[in-house]
Amino acid sequence: MKFERYGIGIAKGMALTLKHLFRHPITTQYPEERLTVSRRTRGNELVWDKEKCTGCATCAKSCPQGAIQIITSVKTEENKYLVEKFEVDIGYCIFCGLCVESCPYEALFMSYDYERARYRRQELVMAKEGLLLSDTKQLSGYARPKVEATLPLQTLLLDRDKVKK
Amino acid sequence: MFVFNPSFSSVNHYLETLPPDWPGGFWLHWGVFVVIIFAFVMPMIMAFIYLERRGLGRFQVRLGPNRVGPFGILQPVADAIKVLIKEDIVPAKGDKWVHWLAPVVAFVPTLMIFAVVPFQDGALLADLNIGILYVVAISSISVVGIFMAGWGSNNKYSLIGAMRTIAQVVSYEIPLVLSIIGVVLLAGSLSMNKIVEAQTIPFILLQPLGFLIFFLAACAEINRTPFDLLEAESEIVAGFHIEYSGMKFAFFYLAEYAEALAISAIITTLFLGGWRGPILPPFLWFIIKVFGVFFLIFWVRSTIPRLRIDQVMAFTWKCLLPLALLNLLITGIEVIVLPEALPWPVIFVNLAIMAVLVVLWSKFSRLGGGRVEV
Numbered sequence: 043m044k045f046e047r048y049g050i051g052i053a054k055g056m057a058l059t060l061k062h063l064f065r066h067p068i069t070t071q072y073p074e075e076r077l078t079v080s081r082r083t084r085g086n087e088l089v090w091d092k093e094k095c096t097g098c099a100t101c102a103k104s105c106p107q108g109a110i111q112i113i114t115s116v117k118t119e120e121n122k123y124l125v126e127k128f129e130v131d132i133g134y135c136i137f138c139g140l141c142v143e144s145c146p147y148e149a150l151f152m153s154y155d156y157e158r159a160r161y162r163r164q165e166l167v168m169a170k171e172g173l174l175l176s177d178t179k180q181l182s183g184y185a186r187p188k189v190e191a192t193l194p195l196q197t198l199l200l201d202r203d204k205v206k207k
Numbered sequence: 116m117f118v119f120n121p122s123f124s125s126v127n128h129y130l131e132t133l134p135p136d137w138p139g140g141f142w143l144h145w146g147v148f149v150v151i152i153f154a155f156v157m158p159m160i161m162a163f164i165y166l167e168r169r170g171l172g173r174f175q176v177r178l179g180p181n182r183v184g185p186f187g188i189l190q191p192v193a194d195a196i197k198v199l200i201k202e203d204i205v206p207a208k209g210d211k212w213v214h215w216l217a218p219v220v221a222f223v224p225t226l227m228i229f230a231v232v233p234f235q236d237g238a239l240l241a242d243l244n245i246g247i248l249y250v251v252a253i254s255s256i257s258v259v260g261i262f263m264a265g266w267g268s269n270n271k272y273s274l275i276g277a278m279r280t281i282a283q284v285v286s287y288e289i290p291l292v293l294s295i296i297g298v299v300l301l302a303g304s305l306s307m308n309k310i311v312e313a314q315t316i317p318f319i320l321l322q323p324l325g326f327l328i329f330f331l332a333a334c335a336e337i338n339r340t341p342f343d344l345l346e347a348e349s350e351i352v353a354g355f356h357i358e359y360s361g362m363k364f365a366f367f368y369l370a371e372y373a374e375a376l377a378i379s380a381i382i383t384t385l386f387l388g389g390w391r392g393p394i395l396p397p398f399l400w401f402i403i404k405v406f407g408v409f410f411l412i413f414w415v416r417s418t419i420p421r422l423r424i425d426q427v428m429a430f431t432w433k434c435l436l437p438l439a440l441l442n443l444l445i446t447g448i449e450v451i452v453l454p455e456a457l458p459w460p461v462i463f464v465n466l467a468i469m470a471v472l473v474v475l476w477s478k479f480s481r482l483g484g485g486r487v488e489v
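Chain order of the listed sequences is A and B. Residue 128 in the working numbering sits at position 86 of the first sequence, with consecutive numbering throughout. Residue 229 in the working numbering sits at position 114 of the second sequence, with consecutive numbering throughout.
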């Protein structure tokens, strides 16, 4: 004689939902809280090093989307190029990382930024100052073994700890 | 000069000092309790909506609404305002009068139930000697409102939803009433106040099976989730209120929670000892118990998925109805044979009987085969 459907399943389910009642909610209250992202993400931004860049425009040539625009002039006294304009249209960027890989002077890095939405189309075009390393942008180790060595070990991509803003 | 003091006992005291044939007494009583019922029902519905949304959120490991006001307390108010400023749409080919009347017909009977719910000893609008019969009779009327909504909308989904409601509510009414009769046998009266007075120990202990049947049937009666076939979102979009918007939709929404409140109040009164309780004032005990029952209702909602219509119907006719009849028989025998028995042995006997019957019915009745041979 097999006893079935006498409510034990329902009782188990009720116990489970009751347990969930006392769990901490997993909701992230986004504008106030944000999830910590692993430092070893590949990245969704570009960081440009003003000092190392020679203006060779290898990045612009390697970009499959043609998103990088670089205009240089010649500084005759130092026998160097002066980078007058370095613009990346993030709206076109596909984050392939070819510019970072191809840069012969390690002047371009992938980086990570939590908030990337913009209100205007024009704001997606990042000029020199917008591409510099800042507090919100952190370097990613992509194609840069020296940076990678300094990063902490891989964690879950999105950590459960929330950072209060 | 009469200075209104909101506590119940002072009102009662004031009424007692009146001569019984004083012409103002009846209307004063009527007026005061109509105000009290409105002042009780509307904030409680707000509280229920808030609690259900927050509580359901926590059951599903999310937060629930927490943006409007501190802890989202003003969310029901915001919802009400949103609904009020929406356009009121009547379907072009609908039955306009029926469509107009349906929300009122659905909502008003639910409010009328509270006329006989005792908030405290004797603190009720009308101490009818057939109180619980009145509740059963009145609460059935709101089904007519739902069917009017389904019919008046001229929409196949709403009509299907309304048809389902009729089938479901008519079927579940029978075990519901039969389980009430067990309580009435024990109390010896149909008056809600007398039933509470008779509960030296709560009837949930003497009538565990009756409570189980009543709770399940009541959940079906007010269309809470395991039985919410009339508005099954995944099948018939929103059921009977699919064509409703604005204030008329708000009435249905209010009616749903008012029904939940009414059923919580009735379960409290019939099975949990109503306003009886130590230390705290009686109306507070009543409210605490109502919240407890409502917690149970939405706990069930958060756990159990919706049944199929054939499962719902099979459950009442094959399971609840025979169990309710057996419960009535056993209670009758106990009332006749052991009128003076000590309560505690009876409690354990009844609990054992409930366990045996539930397990037996799990063996006998086959629910949810779902195969319909045509």
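Worth double-checking, as some hints may not be accurate.
[Claimed, not checked] Beta-carbon label-pair distances, calculated as ranges: (1) 60(A) / 282(B): 49 to 59 angstroms; (2) 54(A) / 184(B): 54 to 64 angstroms; (3) 478(B) / 54(A): 46 to 56 angstroms; (4) 196(A) / 466(B): 35 to 45 angstroms; (5) 50(A) / 450(B): 45 to 55 angstroms.
[To be verified] In silico DSS-like cross-links for lysine-lysine, where the CA-CA straight-line distance does not exceed 27 angstroms: (6) 103(A) / 117(A); (7) 54(A) / 478(B); (8) 54(A) / 197(B); (9) 170(A) / 188(A).
Treat the hints as calculated values from the structure; they're not laboratory data. Just so you know, even glycine gets a beta-carbon here, dropped at the ideal spot from N, CA and C.
Against the structure, the hints:
1. The hinted range of 49 to 59 angstroms is not satisfied by residue 60(A) and residue 282(B), whose Cβ atoms lie roughly 32 angstroms apart.
2. A hinted range of 54 to 64 angstroms for the beta carbons of residue 54(A) and residue 184(B) is inconsistent with their spacing of about 37 angstroms.
3. In this structure the supplied range 46 to 56 angstroms is violated for residue 478(B) paired with residue 54(A), their Cβ-Cβ distance being about 19 angstroms.
4. Distance hint for residue 196(A) and residue 466(B): a CB-CB separation of about 56 angstroms, inconsistent with the stated range 35 to 45 angstroms.
5. At roughly 32 angstroms, the beta carbons of residue 50(A) and residue 450(B) sit outside the given window of 45 to 55 angstroms.
6. At most 27 angstroms may separate the alpha-carbon atoms for a hinted pair to count; residue 103(A) and residue 117(A) meet this at roughly 22 angstroms.
7. With a C-alpha separation of about 19 angstroms, the suggested pairing of residue 54(A) with residue 478(B) holds against the 27 angstroms cut-off.
8. Distance restraint check for residue 54(A) and residue 197(B): the Cα-Cα separation of roughly 39 angstroms exceeds the 27 angstroms cut-off, and the hinted pair is therefore not satisfied.
9. Between residue 170(A) and residue 188(A), the direct Cα distance comes to roughly 24 angstroms. Compliance with the 27 angstroms bound is thereby established for this hinted pair.
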